[in-house]
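Chemist: This is what each chain is made of:
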Amino acid sequence: MSGGGGGQEDLNLVPYLDIMVNLIMFMIVVTAYIVELKEAPVLPPAYGGGGGAGDQQKAYLTVAMADQGYVIIAGGAAEGTEAPIPKAGNEYDTKALTIKLKELKAALPNLSESVVITAGTTQNYSEVMATMDAVRFDGVATKPLFTGVTLASVVQR
Amino acid sequence: MVEGAPPETSDDELLLRRRKRAKLGSAIEGLNLTAMMDVMTILLVYLIKQYASAPENIQFAEDLKPPASITSDKLVPGVRVLLSRSAILVDDKLVLSLQDGRPPPDEASGEVSAWAPVGAALGTRRETIQRIADGGGLPFDGSLMVVADEDTPYDVLYSVLYVAGKEQFTTFRLITRRK
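Sequence order for the protein chains is A and B. Quick note on the working numbering: the first sequence kicks off at 1 and runs consecutively. Quick note on the working numbering: the second sequence kicks off at 1 and runs consecutively.
I should point out that these hints are in silico values taken from the structure, not numbers from a laboratory. There could be a bad hint or two in this list.
As the list claims (entries may be wrong) - Within a straight-line C-alpha distance of at most 27 Å, the following computed DSS-like cross-link-like pairs (lysine-lysine) qualify: (1) 87/A <-> 102/A; (2) 102/A <-> 179/B; (3) 166/B <-> 93/B; (4) 102/A <-> 74/B; (5) 143/A <-> 95/A; (6) 74/B <-> 95/A; (7) 179/B <-> 100/A; (8) 179/B <-> 87/A; (9) 179/B <-> 143/A; (10) 143/A <-> 102/A; (11) 65/B <-> 179/B.
Stated by the list, open to error - Chain B is nowhere near these chain A residues, computed Cβ spacing over 12 Å in every case: (12) 60; (13) 76; (14) 88; (15) 89; (16) 93; (17) 103; (18) 136; (19) 139.
What the hints assert, rightly or not - Incomplete in silico selection of chain B near chain A, CB under 8 Å: (20) 33; (21) 37; (22) 41; (23) 43; (24) 64; (25) 67; (26) 86; (27) 155; (28) 174.
Remember, predicted model here, so these are calculated numbers, not experimental data. Just so it is clear, CB atoms sit at the ideal spot from N, CA and C, and this is done for glycine as well.
Produce the entire structure from the sequences given, and follow the hints as far as they go.
Modeler: Structural data, given as structure tokens:
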């Protein structure tokens, strides 16, 4: 009779292996469902006085988010204010903003690659992010429009 | 030769012995699971380690949902500020409680004092990184990950960026969800 407890038998690894396989499958599935996050860089505002002669020859754009819609203000070599882009319903017309910025980029050869965005206390972060997308890209991430975005101080009314 | 005794060797017996020997040599006695266990363990440890150290490993709640964006820039780890509708956290430490995304009314009356705890926490974090850099660690690069709720008012977001700028943070990276 074999009976004994003294015999040295191999450890049964099959249950451990089952646990491992299940854990790995779980980890892989969970990783697949994690929200994919990306980042949008923002340039810090320039402090101090104005630039040199070279900077004065450049044109700068500021996109102000007013309650009625976008207001594009040009500064530097091309001072002026463009016609406002009204909201489409309750939302900002980001497509119209991209089209207008493309027109300005084609028309102004000395236009800076950085655009300033400013908003008021009634605008929220998602609206600002949608505006940033409209400024940075021409519809898709593979078509860049303006490479830099600076957030300016809150518009006081 | 003694009668009744088996023959010493015969061709059949030799063949049988050879077959038996060959069979014993090539037999698979059982799958060796130890090596497979090693592989599985290494794979599991790698997955856990990768998951734990990923910069995108951010705990979201109902009041912390970043806005959607088409941007495709990958996340780079750095000092992290979380702006939910109820609190501001610097590297997962609570520094300021908010009411509906804004500082409480008594604190909001004085603009400088309302955001002072955020500035202090960021300043402390910067000093810690600089001390580590002095000891041979990575230098302070002034980058800040801003994870904010999509409903955060613009003035609150800007105020946080403003106090961060005063604490020598010069690169702001707004964290978004992939659209």
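Chemist: Using Cβ atoms only, decide whether residue 33/B comes closer than 8 Å to chain A, and label the hint accordingly.
Modeler: Since chain A brings a Cβ to about 4 Å from residue 33/B, closer than 8 Å, the hint holds.
Chemist: Is the nearest Cβ of chain B still more than 12 Å from the Cβ of residue 136/A?
Modeler: It is violated; residue 136/A is separated from chain B by about 7 Å at its closest Cβ, not greater than 12 Å.
Chemist: Would the pair residue 143/A and residue 95/A pass a check requiring their Cα atoms to be no farther apart than 27 Å?
Modeler: holds (14 Å)
Chemist: Mind verifying the non-interface call on residue 60/A? Its CB should be farther than 12 Å from each CB in chain B.
Modeler: holds (19 Å)
Chemist: Report holds or violated for the interface hint on residue 64/B, using the least CB-CB distance to chain A and a cut-off of 8 Å.
Modeler: violated (11 Å)
Chemist: If we take the beta carbon of residue 89/A, is the closest beta carbon in chain B still more than 12 Å away?
Modeler: holds (19 Å)
Chemist: Would the pair residue 87/A and residue 102/A pass a check requiring their Cα atoms to be no farther apart than 27 Å?
Modeler: Given pair residue 87/A, residue 102/A holds - Cα atoms ~19 Å apart, limit 27 Å.
Chemist: If you take the shortest Cβ to Cβ gap from residue 155/B to chain A, is it below 8 Å?
Modeler: This hint holds: residue 155/B lies near chain A, its Cβ roughly 5 Å from the closest one there, short of 8 Å.
Chemist: Hint check: is the beta carbon of residue 86/B less than 8 Å from a beta carbon of chain A?
Modeler: Nearest chain A Cβ about 15 Å off; hint violated.
Chemist: Regarding the pair residue 65/B and residue 179/B, is the alpha-carbon distance no greater than 27 Å?
Modeler: Holds, because 13 Å separates the two Cα atoms, which is no more than 27 Å.
Chemist: Would you check the hint for residue 166/B and residue 93/B, treating anything up to 27 Å between C-alpha atoms as holding?
Modeler: holds (20 Å)
Chemist: Is the straight-line distance between the alpha-carbon of residue 179/B and that of residue 87/A 27 Å or less?
Modeler: holds (22 Å)
Taken one by one, the earlier hints fail for this structure at numbers 18, 19, 24, 26, listed in ascending order.
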